[in-house]
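**Q** Chains as they are written, first to last, in this note's numbering: chain U, 1 to 211; chain H, 1 to 790.
Hint data in this document are derived by calculation from the structure and do not stem from the laboratory.
Quick reminder that beta carbons are idealized off the backbone N, C-alpha and C, glycines included.
You may find that some hints are simply not true.
Below, a sample of chain U positions facing chain H; criterion: calculated Cβ distance under 8 Å [stated by the list, open to error]:
1. L26
2. L45
3. P83
4. F178
Residues from chain U that keep clear of chain H, each with C-beta distances beyond 10 Å, as calculated [said to hold, decoys possible]:
5. D10
6. A56
7. A125
8. R132
9. W133
10. S174
Listed below are the residues making up each chain.
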Amino acid sequence: MTTSNSVRPDEIRASGPLPRWRTIDLLTCAFLGVAFGVAYWAWGLVYETPSNVISAGFPPLSALLNWPWLVAGIVGMLVIRRPGAAVFTELLAAVVSALIGTQWGITTLVSGLVQGLGVELGFAAFAYATFRWGPLLLGGFLGGAFEAVYEWYSWYQEWDLGYKVAYLFLFGASVAVFGSIVSVALTRGLASAGALNAFPPGQEVRERHAV
Amino acid sequence: MPTTEPRPGARSATTSTQGGAERASAQAGAAVRVADLTWRPYGRSRPVLAGFDLTVEPGERVLLAGPSGSGKSTLLRAIAGLLLTADSGDLAGSVSVGGEAPQDRPGSVGLVLQDPGAGVVASTIGRDVAFGLENVELPRGDMPPRVAATLAEVGLTMDEGSPPGALSGGESQRLALAGALAMEPRVLLLDEPTAMLDALTAASVRSLVDTVTRRRGLTLLVVEHRLTGWVELVDRLVVLGADGTIVADGPPRSVLREHGSRLAAEGIWVPGFPEPEPLEIELTPWPGDSAGAGSVGRGEVVLAARDVTVEHRTRRLGAESRTTTAVSSVDLDVRAGCVVALVGPSGSGKTSLMGALGGLTAPASGRVDFALPLTPGGSAGALDAKGRVEPPHEWSSTDLARVVAWVPQRSASAVVGRTVRDDVLTTPRALGLDPELSERRADEVLAALGLTGLGAADPRHLSGGEQRRLAVASAVLHSPALVLADEPTVGQDRLTWAAVMGILEASRDEGAALVVTTHDDGAIGRADETLRLTAPPPSPPPATPERRPLVARVGPLALLAVGLSVLPLPALLESWRQGLAVLGVELLLGVIGLLAPGSGRRPVGRVRGVLTRLAPAGLAVVGVAWSAWLLGGRDLEVAAGAGLRVLCLVVPSAFVVGYLDPERLGDQLAQRLRLPARPVVAATAALQRVQSFDALWDELMKTRRVRGIRADRGVVPRIREAVVVTGGLLVGALGQAANLALAMDARGFAEARRRTWARDAPWRLADTLALVAGLVIVIAGFAARFFLPA
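The shape of chain H in the complex, shown without the other chains:
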């Protein structure tokens, strides 16, 4: 392999379409050699890996197992050459892949991470697969066949224009795999690729990995906690100890025979070992009159849902918001002391239904009724003005917290306290429960979960498994009558599984009704009732497509220019008459832009969109006009002139902003304006995720509400809450950034100062016409200045 060629990924472009034999020889697996590797992240006194050695032969398939924190993921990142991508620390030793440093050939080491979707870069699946090809400067013309072949290879059959957000968990992992395979790697690294998937999906992903690595002859290293299924398809099992050294290494069967029971005791899911039993946790009971669990007799209905339909709204920059039906007409009775498992494929509405059951979201139609003793008014039933019992989504934060507990799937979102102990005691304090008893129960639950020593620690610094245990414990310490847990056992090792199930069952034994969404057969097996959900059929696309307004046919760069064409106006407009004239021109141009000639359905909401965007400008105009009046000689004409000038500045934007597509803007900025590629791509990738910030904000606020600490009234508490939640949002955003950096660098982005683009950014007639419109605005300004009185 010549090392002088800087971008070998691009060179092998033609091999993908040729015969299998030739391909196998061109890109068979490479040897991996790790020698004397030491890695100490800053902030750890002891290295995670110290003097670590490992050799993997070309085409060998290796499964890495070991307890949490033993350095398995670290090892994969080191082999990919990405240890310093999202972390800082002291690194020594050497890693080579096929005799070269791992990142010498971008894409030669493919990496797939645990969280489906964490590495998504683009707004369509085709573009996402092409990302690595762009980074190695593959010519645009060579990309489509390669993208299509790779998508077919991983079994993704939907249109290449589909958004990655619409994929299920298993499909997302296939997409991640395709992104790596498109670069024709020689080594494939999988970091718990099936941990977040249900058993069936996990099996299908495993068999895909098996097929692909065999066909391509790839070297494979997999990290997993659940060894079942993987053991059969690897040649070698390497077991790491808690201290990051290799404790066993050999053929899977013999290693398991020798070390299986020890691995199981350390939390690994070893095939052939019985399912773990939930921890037995006994808590000092609350006195009998508390309104939570126990106030409804065991077996009686805590919550009755009737004909519940939930709708889901998604917003995206530069596109209309969409409403989809997530749950349609569900009936469910949840009984005290019983567990209901909500099951079904991802996208079937389990989480949405749970939100409606717990009063976290308002159902679009149908009713959710709690047993009367649980409602805020008690048995008498507080009736609202219309004489009905208030639905739970309208209850105050503390009223809701008393009755409902919710454990979100991302346990990092559930952190509300500064210390572990603080976090556990948050809800009992908010509800004014007996402090002494609360403390005692907190001691008991922390001890049972092995968190006693961490009482003073910052919950955000806990490991994933510890955070999960804490989230469940904090949710149920005050014995709510209804406990909702969203995928509580996903990705957990045997120990965390036993702990989480233990707390949930302790809460059930106190008389709570449990609703658990899960893919986990172990958890389903322990439920009293199972409700299987299926995704409501998507609403059929309209027979005739909408006509597109003229402005929607213009590229983002030209739209941007129109929005900025107003900048000379303040220097030109001197009077209200001039302002009014230019405003008239702008409105006329705007209305022309909204016209939608052609055939098809009439587009709806064009004018409403413009008005919505203009509404906030109203107050700004008033403010400027007022200050101009006050400081400009108290003259109404001066005030009107200032107000109109400001309006002239913002009106064109209101017409064009809704039609700016961030991804196409990135394409044009890089290809037309030749802005530096890497910052443009990073910015575009971040812009794709605006809506995930929406979702995270929503989740953080819901958590606060259900924990009884949502600021329902008052300006100061609300500001304080906004600051706290913004902090949580930023932490979440930066976590996403770190994961994405890893995924992007694994696909050759680190050195992609020059890159090609899968999609061109042509300049069209519509763009030129839009520029002319912008010019007309400027000319109108000059004309007004010289032909109208000042």
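Excised from the complex, chain U in its bound form:
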């Protein structure tokens, strides 16, 4: 109560020492990861066609439809607010979508790992002390950029450097903007639904509407 009234809402810290994950932190990350993994599997089925269409003339444009893949890690971090939340959630989402069966098979795990790491670095750069636009933009961009570099290697070797760079910036920027907006909206939605009562975002909502 003392913290929530004196600190900005997006700066409430997780309870206890930050690296000391509670069981509910682990399980919430894990369940978010699994739920997103199922959603990713479904998105993977429908996204290939529009992606091929918008990139038919200029392939790097396909980056614009890639931001949903990073939402899991960002939401995980916004909810749990502990070191490792982005990597854990994103990696688990990748595991689940791979187990159900995506077009990328088990190599999805590499994507999940680098995307989660990128997002994680953004929040680590701000010492996990704030969960506002600074770390969101940085983490989103880095997550997208890391994945773009992995895709240079695995998918798009034939492209010229110019195209590769364009892809990286489009990817990073779309995650930083769209990915962040959607993640923030989702986190707020979950908090107002009463699903995040044990976490800082839920705590903030509840104290504001105290009855």
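Since the structure of chain U is already known, use the hints to place chain H on it.
**A** Frame of chain U, contents of chain H only:
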């Protein structure tokens, strides 16, 4: 009791196999002392418990009663030391169990929750019972006798390898009890353990609790709304008031004599008091020409089901999907103004049959026919191309909503509106009914249910009982001709019971036909007709077991390595020839992996499984090849090279993914790779529940369809719907996570940074061979690079 020993649960390993007398002295019940306890969850201006004191003597058996919201469950969580596990708030005061803080000795306080299955952690019942033992680092060798003894003690006689999902409600509660008892607790806390069970099952669970606590001399605290049956087996009844203070405390008989009528008025089911009467609710009728209730004369057949068989498909990660028969050849006529009760043990197909009756699922065979005036074409009967009346599962969302209402058992799944009022008016709006009359009926029903003041509230914030009332009211406001209610009264107190039955009967009096699945004698007694279902016999297991493909004999870690062995390939493959060569090697290895030598039946669907997994890759390959062609000099050979390279990346996965078992993967990650135990266990437990997400998604979509708001066509509405339902799925998932966290921490998981494992994770010859296969892929890449033209 020495307090320096950090893991006493492990130390007492040997006592379980010794004589009863010694056991009783080693683990007799502990005293519980709650002193000056105050708990205010964030978001409440007043504490749930304020300065609360309670002392329970060792071995005493206490029943806690009180109206909803009086803090009974909170008290149990506090005694278990788990208040902060799934909630946040201000906590003050002290709780001690046997003189120590409750979580100082993991497992010393056992907790069983209301929802059977909410605390299931593992994929087999044996492994689930062992979970707490793993957390207190009991050596693996000591686990099997303890698990077997505990399962026998709670009367679970099936194989230890049975999946928890196959258990009935009563069996699930026995399993939860076993999970707590295996840790040799000194205090047992039961939070409405029989609320979701039928009367007979509840009685058997109660008598089990009686036997176990007596034999072990445990201290027992039970929270229940239905006091019947419990009163006889406790020593003391503590009654909490709505404000969270103790209003009565003493021997059950005398407390009930003094406070019984007040408790009954507050909604508690007190033995000896007559069943409540359903609320009388009168609603302004719709004008006569609406297509819903009333368009079929009272007593006439609304719905005729003939020879209906329903099949149920379950999917599990790392396993084949299974089809089981849930309902076999049922005939049923449902008549306007009449109530049919579907009864039978859990697993007998009541819910599945209801889904088929209401057009929510397609029956595997048989017919479901509504009276012609109710079908989308009206009395003329809209015939499809084959000249038959469209079956209800093919009707559009609004056509179905006009005729059918469905109340799912989980009322949280039934929420579709942003506010309570919005929720009630959703279907009348979707059907374009008279807004003024809809509003008036909404006012009437909300007033009758005591929800008037909550019209602007978010339905997701309502209490369980309020949500239940809302779900029933919202389903029937537009007077559908057929109302389906799945266990509408389960777990309800007297007040909610009267409200829910009141709305259902009001709908019947308007001429609706009602089908209710129920275990509740009160509800069964008010039905006009009862249909008893029995589970169809399970299909006998095949005489000879299937042979297992070679790949199925490989552990998950090695399979993972095979899938990832492709990662060096992009650096090696430069031309389509090289790609083709490596692809050939991969396919050859894959086919070898699918071989199933040995004796037994030939396994089916191996190749089909691989092709299904490869199908989505097709478009991805096309996309990459196209971009390579466009940006790589418009050269077909370049495009083919890029496409083949991508194919090489994904083909090995298609062969191995279907054989990865998540639980064994967790075992190997923790024991072979030494990854941190707690995250691995959490991830594994979540992976066990993928199929429950399937079921929840399905339920949310069905709710939308039957409420008339399913997006039947159009891209934008479908996307919007997907977003909304995904949100609902996430909320449901996080609710599960919170319950599971509670159940896991009650079994010592909070401090289990080091733990033992009930199942080993050996590295076998097959694993090494699989690694060799992965290596062959890499070598093939190098060979192609150096021996084939670029």
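**Q** Against chain H, does S174/U hold up as non-interface, every C-beta pair farther apart than 10 Å?
**A** The assertion about S174/U holds, with a minimum of 17 Å to chain H.
**Q** Any Cβ of chain H at or closer than 10 Å to D10/U, or is the non-interface label fine?
**A** Its Cβ never comes within 10 Å of chain H, the nearest being 16 Å, so this holds.
**Q** Is the nearest Cβ of chain H still more than 10 Å from the Cβ of A125/U?
**A** 23 Å, holds
**Q** Taking 8 Å as the limit, does the beta-carbon of L45/U come near enough to a beta-carbon in chain H?
**A** 6 Å, holds
**Q** Hint P83/U vs chain H: min CB-CB distance below 8 Å?
**A** Cβ of P83/U sits 12 Å from chain H, so the hint is violated.
**Q** Would the non-interface assignment of A56/U survive a Cβ cutoff of 10 Å against chain H?
**A** Given a closest Cβ separation of 7 Å, the condition is violated.
**Q** Check the non-interface label on R132/U: least C-beta distance to chain H beyond 10 Å or not.
**A** 21 Å, holds
**Q** Would the hint on F178/U stand, with a C-beta cut-off of 8 Å toward chain H?
**A** Constraint on F178/U not satisfied, violated at 14 Å.
**Q** Say whether it holds or is violated: W133/U keeps its Cβ farther than 10 Å from all Cβ of chain H.
**A** W133/U is indeed farther than 10 Å from all Cβ atoms of chain H, at 23 Å.
**Q** Identify whether the interface hint at L26/U stands, where standing means a beta carbon of chain H within less than 8 Å of its own.
**A** 4 Å, holds
Consistency note: the structure conflicts with the earlier hints numbered 3, 4, 6.
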